[in-house]
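Heads up: the protein sequence lines correspond to chains A, B and C, in order. Each residue of the first sequence is one higher than the one before, counting from 1 in the working numbering. Each residue of the second sequence is one higher than the one before, counting from 319 in the working numbering. Each residue of the third sequence is one higher than the one before, counting from 500 in the working numbering.
Derived from the structure by calculation, the hints contain no laboratory data. Please read these numbers as outputs of a predicted model, since none were measured by experiment. For every residue, glycine included, the Cβ atom is placed at its ideal position computed from N, Cα and C. A few of these clues could be false.
As the list claims (entries may be wrong) - Selected chain A positions facing chain B (Cβ under 8 Å, derived; list incomplete): (1) Gly27; (2) Thr50; (3) Thr174; (4) Ser176; (5) Gly289; (6) Glu290.
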Amino acid sequence: MTKREAFWYTVIILLLVITVLIALMVGATPLTLSQVWQAFSGHDSNNLATLSQIRLPRIVASLISGAMLAVAGALSQAAFHNYLADPSILGVTNVGSFLILIASFFLPSLYFGKLVFALIGGILTLLFLTSRSILQHSYKLIIIGVTISLTFSGFQQLFSGESLVSTNSFNGITWSDTITVFIIRLIGLAAAILLSPWANYLKMSNQQLETRGISARLIRICLLGLVVWLSSGVTAAVGVVPFIGIIVPNIVRFLVGRDYQTIVPLSMLMGAWLLLVADTIGRTVILPGEMPVATILTVVGGPFLIWLLWRQQFNAIK
Amino acid sequence: MDLTSVAKLKHVVTQMGHQYQRQAQAKRAIRQINAAEKRARQRAKDQPTKVKVLVLMGLPGASYMAGTNHSYIGNLVVLAGGKNVFMSKNQEYIQPNDEAIKKARPDVILRLEHALPEMVTAQFNQAFKTDPMWKTLPAVKNHRVYDLQEPDFDATANMRAAVALQKISRWLYPHTGGNNQ
Amino acid sequence: MQLNNVSFSYHQQAEIIHDVSADVTPGHILSIVGPNGAGKTTLSKLMTGELKPSRGAVMLDGEPLSQLTRKQRADQIAIVSQQNQLYDDMKVIDVVKMGRLAKHGLLAAIDDQEVAPYLAMTGLQSFANRPMSQLSGGQKQRVWIAAAIAQDPQYLFLDEPTTYLDIRYQTELMAIIEKLHRQQQMTIVMILHDINQAFRMSDDIWLIKAGKLVSTGQPNQFYDERSLSEIFNTAIRIVSIPDYGKYIVELPDGAN
Chain A
1 MTKREAFWYT VIILLLVITV LIALMVGATP LTLSQVWQAF SGHDSNNLAT LSQIRLPRIV
61 ASLISGAMLA VAGALSQAAF HNYLADPSIL GVTNVGSFLI LIASFFLPSL YFGKLVFALI
121 GGILTLLFLT SRSILQHSYK LIIIGVTISL TFSGFQQLFS GESLVSTNSF NGITWSDTIT
181 VFIIRLIGLA AAILLSPWAN YLKMSNQQLE TRGISARLIR ICLLGLVVWL SSGVTAAVGV
241 VPFIGIIVPN IVRFLVGRDY QTIVPLSMLM GAWLLLVADT IGRTVILPGE MPVATILTVV
301 GGPFLIWLLW RQQFNAIK
Chain B
319 MDLTSVAKLK HVVTQMGHQY QRQAQAKRAI RQINAAEKRA RQRAKDQPTK VKVLVLMGLP
379 GASYMAGTNH SYIGNLVVLA GGKNVFMSKN QEYIQPNDEA IKKARPDVIL RLEHALPEMV
439 TAQFNQAFKT DPMWKTLPAV KNHRVYDLQE PDFDATANMR AAVALQKISR WLYPHTGGNN
499 Q
Chain C
500 MQLNNVSFSY HQQAEIIHDV SADVTPGHIL SIVGPNGAGK TTLSKLMTGE LKPSRGAVML
560 DGEPLSQLTR KQRADQIAIV SQQNQLYDDM KVIDVVKMGR LAKHGLLAAI DDQEVAPYLA
620 MTGLQSFANR PMSQLSGGQK QRVWIAAAIA QDPQYLFLDE PTTYLDIRYQ TELMAIIEKL
680 HRQQQMTIVM ILHDINQAFR MSDDIWLIKA GKLVSTGQPN QFYDERSLSE IFNTAIRIVS
740 IPDYGKYIVE LPDGAN
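Modelling step: build the complete structure from the supplied sequences, incorporating the hints.
This is the structure we're talking about:
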């Protein structure tokens with residue numbers, strides 16, 4: 001680990017700890033740090049219920065979801081050779097989300113049903129995007145991805161039959177959601193760290209990999225499989241959460257360079273932090289209502305994306 | 319047509335009566351509504367405290383929003399003498415926060431299931447079962463959670479407003495007058 | 500390595516390589532020489548297994564190359580091709596480490612020590628942690644050679660390794676290749692743009708024209724103005740330069 005990497009690891013871990021503490025304190029019933037402590041040491045059962053049943057599962061869920069989305073973004077960018085290729089931009093998550101809605105007409109709201117449909121949606125989208133020659137043209141890839149994404153969110157609005165679009169959020173997330181969903185996902189995150197060197201290997205052309213005895217196809221399929229696995233997990237649990245997968249890996253690249261063995265774990269931490277910040281803001285700024293985390297991230301992510309494109313002809317990795 | 323409150327409904331009915339030469343029918347309908355409003359006021363009068371009401375609108379796809387005083391159902395709650403726990407200056411529906419719901423401690427929960435009622439009811443039941451926050455609410459403890467379904471109830475006012483108001487009034491104050499408290 | 504009646508064509512189109520049969524002598528430096536479009540790169544790709552012959556076979560230790568797995572080929576054959584660009588920046592040492600993957604599993608963690616010798620052989624020790632994007636063309640080419648020899652191959656194929664390099668880097672690179680050849684006893688197959696470079700460095704020369712192997716032999720057999728003029732289809736003179744030796748020059752048009 002270089003000095004620079006160690007510095008940023010420290011900064012982000014510190015930010016994470018501070019943000020988790022703040023997230024425990026704020027809400028409809030604001031608590032001081034000592035009240036939080038009192039509650040956890042068993043002196044205040046009412047506050048403990050709020051903390052352990054409402055705030056904590058939500059904090060854990062947003063941390064893990066943020067980590068998953070950021071990593072999915074980083075791996076997808078490596079596999080597509082494109083810094084903008086995030087599952088939410090490519091439509092992977094929107095198709096999944098639409099299929100979940102369709103499925104819920106026919107099946108009762110089973111969690112694993114949702115997961116399966118989010119996965120199917122993601123896989124179909126990736127199969128489509130990796131087929132033909134779309135892969136080779138970075139602008140084409142992004143344009144087609146965005147089109148898919150918009151089309152399916154349009155379908156979703158249509159099928160919801162309402163002017164009010166179902167905006168999923170972390171509100172109402174419970175321990176049982178958190179545990180059943182995310183324990184499985186943690187395996188995905190561990191796999192991402194283990195396979196992060198593969199993301200580096202894909203910086204070489206397929207032919208160069210072949211001559212070194214490596215199947216580029218195998219590596220790409222594994223990484224994209226992991227991308228769908230991670231992003232569909234979040235879609236199934238809380239709906240489409242945009243932009244984390246673009247913002248975080250690109251900031252991390254700016255901070256520590258291009259080595260995916262650092263980008264992946266650091267994106268994980270930073271993604272966790274960013275989504276927790278966004279969700280904590282979302283659930284406190286307009287109490288008793290909530291601002292969906294997707295809205296906040298769009299407000300932040302949109303300008304970031306424009307800046308990214310404007311600052312350098314960024315999207316084709318060269 | 320803006321049909322987000324009973325008053326607006328009456329206005330629209332009067333206008334349409336004019337337009338289509340059906341003033342008599344329009345007047346009859348409005349009389350019915352007025353009578354229902356009056357009965358509801360009677361029922362709510364003399365109650366020592368206003369009942370706290372949470373209006374939920376279920377959306378297909380596992381989420382829900384809270385209806386404010388600006389939504390049609392929220393307006394019925396006002397007319398029935400209840401206190402909506404989610405007030406707003408201009409929005410009909412807001413995305414509610416669990417903690418805020420817990421803190422508000424509603425006595426009655428009205429769940430609107432107008433689109434795809436079967437699916438939305440299943441979602442509501444699932445959410446109420448799995449999320450421990452709901453069990454802490456007086457409404458759930460005292461079994462005062464009511465499902466609002468078509469044709470009497472909808473997201474906007476319809477000609478069954480009188481029936482709808484009467485139902486909500488009875489749910490909010492099941493005992494007439496103040497002497498039963 | 501043996502080539503037995505190797506022919507190649509894309510799909511059903513006209514053959515690019517016709518019936519080439521020859522042996523590669525182990526431990527030698529072999530240069531494939533011929534005019535542009537003669538099929539040099541195609542022939543070398545057939546010899547590395549990147550392309551499969553439409554007829555005939557390339558045999559490696561008595562087995563057809565086409566029947567070896569990707570991994571088995573990588574164990575024996577390393578390639579420095581003309582297309583060496585990266586899609587994204589990498590550190591020098593990480594590029595070289597990827598060569599070692601030919602000897603390890605996909606999940607292996609390769610430590611710095613393991614690639615240190617290859618960096619040393621190519622004089623890259625002090626560049627190990629530099630990003631590729633900060634290197635000059637010649638330095639980059641050295642990294643690709645280091646990555647190839649990190650495969651510890653029997654055969655090293657170099658396709659135009661000196662193209663795009665200025666003359667100082669060309670000489671430097673050739674010195675490195677000669678050193679490697681001496682130290683590692685590697686069989687080296689090169690395609691060289693510069694015919695004089697090829698003749699000076701090689702033990703063996705294959706002359707090809709229009710997809711056919713015209714002749715094979717040691718370089719000194721080929722210092723013949725007439726046959727060279729015929730092969731390259733241009734007027735060629737051989738001159739003697741003091742302190743250098745024979746030098747092949749192409750005459751300007753009409754000077755014949």
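Results for each hint:
1. Gly27: Holds, because the Cβ-Cβ distance from A/Gly27 to chain B comes to roughly 5 Å (cut-off 8 Å).
2. Thr50: holds, 6 Å
3. Thr174: Check passed: Cβ of A/Thr174 comes within 5 Å of chain B, closer than 8 Å.
4. Ser176: It holds, given that the least Cβ distance between A/Ser176 and chain B is near 6 Å, below 8 Å.
5. Gly289: holds, 4 Å
6. Glu290: With a minimum Cβ separation of about 4 Å from chain B (threshold 8 Å), the hint on A/Glu290 holds.
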